[in-house]
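Protein chains in written order, with the working numbering: chain A, 580 to 839; chain B, 580 to 839; chain C, 5 to 304; chain D, 5 to 304.
Since the hints were made in silico from the structure, they are not lab data. Source: prediction; values computed, not measured. Even for Gly, the Cβ is constructed at its ideal location relative to N, Cα and C. Possibly wrong hints are sitting among the right ones.
Each pair of labels, with its calculated beta carbon distance range [claimed, not checked]:
1. B/ARG603 <-> D/ARG48: 12 to 20 Å
2. C/TYR146 <-> A/PRO628: 46 to 54 Å
3. D/ARG48 <-> A/ASP701: 26 to 34 Å
4. C/ASN135 <-> D/GLN97: 52 to 60 Å
5. B/ARG603 <-> C/PHE295: 30 to 38 Å
6. C/ASN136 <-> B/ASP804: 31 to 39 Å
7. D/MET5 <-> C/SER6: 20 to 28 Å
8. B/ARG603 <-> C/PRO130: 25 to 33 Å
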Amino acid sequence: MDQPTSPQYTASELMCVNAARLLRDGDVVFVGVGLPNLACNLARRTHAPNLQMIYEAGVIGARPSKLPLSIGDPTLVSGASSVCGMYDIFTLYLQRGNVDVGFLGGAQIDRFGNINATVIGDYAHPKVRLPGSGGSQEMGGWANRNYIITPHQKRRFPEKVDYITSAGFLGGRKQREATGVRGGGPLVVVTNLGLLEPDENGELMLTALHPGCTVEQVKDNTGWDIKIASTVKETLPLKSSELTLLREELDPEGIYLKGS
Amino acid sequence: MDQPTSPQYTASELMCVNAARLLRDGDVVFVGVGLPNLACNLARRTHAPNLQMIYEAGVIGARPSKLPLSIGDPTLVSGASSVCGMYDIFTLYLQRGNVDVGFLGGAQIDRFGNINATVIGDYAHPKVRLPGSGGSQEMGGWANRNYIITPHQKRRFPEKVDYITSAGFLGGRKQREATGVRGGGPLVVVTNLGLLEPDENGELMLTALHPGCTVEQVKDNTGWDIKIASTVKETLPLKSSELTLLREELDPEGIYLKGS
Amino acid sequence: MSKLCSLKEAISNYVHDGDTVYCAGFTHLIPFAAGHEIIRQGRRDLTLARATPDLIYDQMVAAGCAKKLIFSYIGNPGVGSLRIVREQLESGQLAWEEYSHFGMIARLQAGAAGLPFASMNQTAAPDLEKNNPNYRRVKDPYTGREVVTLPPLTPDVGIIHVQRADAKGNAHIWGIIGEQKEVAFASKNVIITAEEIVDEDIIRSDPNRTLIPELIVKAVCLVPHCSHPSYTQGYSDRDNSFYLNWDKISEDPAAVKAWLDEWVYGVKDAEEYWQKLGAETHKRLAVKPKFAAPVNYGDY
Amino acid sequence: MSKLCSLKEAISNYVHDGDTVYCAGFTHLIPFAAGHEIIRQGRRDLTLARATPDLIYDQMVAAGCAKKLIFSYIGNPGVGSLRIVREQLESGQLAWEEYSHFGMIARLQAGAAGLPFASMNQTAAPDLEKNNPNYRRVKDPYTGREVVTLPPLTPDVGIIHVQRADAKGNAHIWGIIGEQKEVAFASKNVIITAEEIVDEDIIRSDPNRTLIPELIVKAVCLVPHCSHPSYTQGYSDRDNSFYLNWDKISEDPAAVKAWLDEWVYGVKDAEEYWQKLGAETHKRLAVKPKFAAPVNYGDY
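The following block holds chain A by itself, in its conformation from the complex:
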């Protein structure tokens, strides 16, 4: 992978901090393990102390004392405000509209923000069988806002995904709206190069670059001829306080932040 980040931080750290900044204080967030979990904890320790973290296993208001390896670790339960069954999580919380933000990832993200986490190749005769939906089909449909975190690579950004696990804007914003689905769809894709946001038609467009990254890098690492916003902003540099929090308190062993 093309490595655009400066030696002061890894690509994962860059994505994590930029994802954290998208969260608003008081947001109710449906959290997955890994980077989303780190981003939420970072936001909670900085500008969003009232963030509510929900895990699909049925945990509300978790306060993990250490970094959980799995999405159902016991440390998520100890000190949580509420625990309920998965049926309740998907109905009372997600389907009812009580979730503001869902974080999504996947093997492929396409031009209209559709996500594939299910299969490469033909569904019935898979070339690569991926994990499948888990909770992400409903998250993509029903969270008020979705954020996608993914490294910027050509194979991860094909023009059209092989299979739609979570809906972005399908073939365009109007197609999604026609289904009557409640959530607003993907709002931002955070990559290690910058931020992509849907245009009025739901097509992903480069709207911001991280410091030191270029439009060329984005074009080279995207599988279609990506639109560039008329004004491409630059994201704020990572603060040393953010990096310190991440490295020393949230992921001291570097399980998710090390490497690229």
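Fit chains B, C and D to the given chain A structure using the hints.
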């Protein structure tokens, strides 16, 4: 009301003991307050120690230490094996088929065992507004067996009820079956005169008399020309041990057993 | 962010004329004090929804707060008729919508779950469906058999009494839990009244006990004894003699008016009402403690 | 009536070749020991259903127990791919039926509730519906909009690990409760494995904690540490290093066979498996106690 019972026991005691005898050890019973509650407790203390009592409020395996006034008294919870919400009671227990027996009562019971607990007169312009279904519509439909306990009076046994709150056999057994409903419908009506059971067409028929009661009394107190079984049995006399249990332990203040 | 306020403020802010209000609790935890506060504040044209209207709605109907009732069983539980509600239904003064308990709870569950309709198997009893156009049917797409449906119920306000809550609204409930969770998630605004406001560490020590999470709660009010003459498991007994007594009071409109004047309009709040009940009643309704077996969550 | 028996007897009596089996538990309380016993007894042609197959089904599939998988997420939670399951799906050796988590849980809920179908709002994602004919649609009779449906899932056997149960099968569960209740009520036969068998007074001191009632339980087995390498809240920690380790073992069929030979076929039961793990592992997975705040039910 015509008073057929001997001075040794009240009509309520007679109905209660005969209702208790209908229960089988291990039955799961959906219990209402009053006589059904007493009948269940009597059965549990005599021939059915493994009876499971369920209350619509969401209580499973209750062991009330005193006679509850209402169907949601705290004594039902203390020492119960499980408490759940009402949605669970009506789905996981009743609709799923986990309830063997439901006890029903009402202002009117008709020729085919249909029960009215809702209204006398026109529904939209009620002459007498009764409590309504509560849990009895579903109990009548979904319990494997239903037992009805009611004093034998002409106004309580009209040929046709004004309103069907709980289904007996509608206009005949085939009509009930045609709805595809899961429960078997009323199996026995226990009155202070004897026992009524549905015939092959679902029409209630006198099948047993309590000691000292007569076919004439039953005919006089029924609102239609009631069928009499070819052999009318006599119910076993109340045992003094049953009466002692009822009077001294289960309803010592005579809240439900006193009077008629 | 604390949501603590007085019950007076909570009712004033979140209950408006014309609202659909659901005071939750099946026999247990009925928030009488909230009903009384609604009466004191003179709310009108409310649609009152409850599986069992119980005495709280008999009192609110008597005080002229309601234009319509949504219910599944009208009675004075364990005693008999609910006289005032019954009279107003018979005389046509009060509009109504009727369900079975399951229908009522299923509507709430659909509302809580964000579903457009609730599904129920047929019961073979035809007359509720015949008289209430909200009952409809859909074909099961697998067997072709018909299933009965009802639309979701999403009250404007849900009022829920709990044993203990933290200042943000995370609430522990035990004992009979009827429809509290469904009402909370179905309602647009949730008011919690609590016997005790506790530190959030107490709540978080037992998250499986939290039936209602802060994120759906608008106001949290400390209202001990809010449920009298109903009860709060572990905190008070049911005042059965009041239920028997109301059967007599409610026979006579003058007696009802006198009771409302003395016990609702004549007191400032739930605390004054409770004090007015007196030491003998307090003693009669007191409950000896009996604790649940310890539960070890582990220190992870 | 006691339902106590050994896990060996329970599996022998209630799990048959060709059955649909649901080993419950989302990350938490996964009944590994029951899966191992099924392997030891050589069951074949099972349909294995689980939201997340986890390592337990990877092992059962490796041992040749399964002909089909019903799932909603195949991964080694927190680690990556579930290699054996994945290979068999890619090579067409294993049949499958796929859902989202919500679809899976909704099917169980419909099975538990005795409903002919589960209803869900549309998600706008088309491909699961397109590839699985169990997904259908009905029109909401109120708005005319389409709702997605699934048929109920009613496994032949549900296996559920719990913290404590009485001999009749009333079971307390705390911590993550994923789909345990739904599996129990949906299944035709329920096997409970418990860390502790306790006197029924312990269970009855806290009835709100009872997720599973005796009346739906067929067998109760005392199986401490049944959930290793998953965990039991309050009793043990998750053995994350085993999950990481399996990622390597499962790369190599010979290593998998050797592991099964040593840890499943080579031990008599869960107790021997646990002892074999050794004192260091026991110590590593031990958890310091931390208790829930007391709850007063009152002495009524």
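Status of each hint after checking the structure:
no., hint, in the structure
1, B/ARG603 <-> D/ARG48: 12 to 20 Å, "violated, 38 Å"
2, C/TYR146 <-> A/PRO628: 46 to 54 Å, "holds, 48 Å"
3, D/ARG48 <-> A/ASP701: 26 to 34 Å, "holds, 29 Å"
4, C/ASN135 <-> D/GLN97: 52 to 60 Å, "holds, 57 Å"
5, B/ARG603 <-> C/PHE295: 30 to 38 Å, "holds, 36 Å"
6, C/ASN136 <-> B/ASP804: 31 to 39 Å, "holds, 35 Å"
7, D/MET5 <-> C/SER6: 20 to 28 Å, "violated, 51 Å"
8, B/ARG603 <-> C/PRO130: 25 to 33 Å, "holds, 31 Å"
When each numbered hint is compared with the structure, violations occur for hints 1 and 7.
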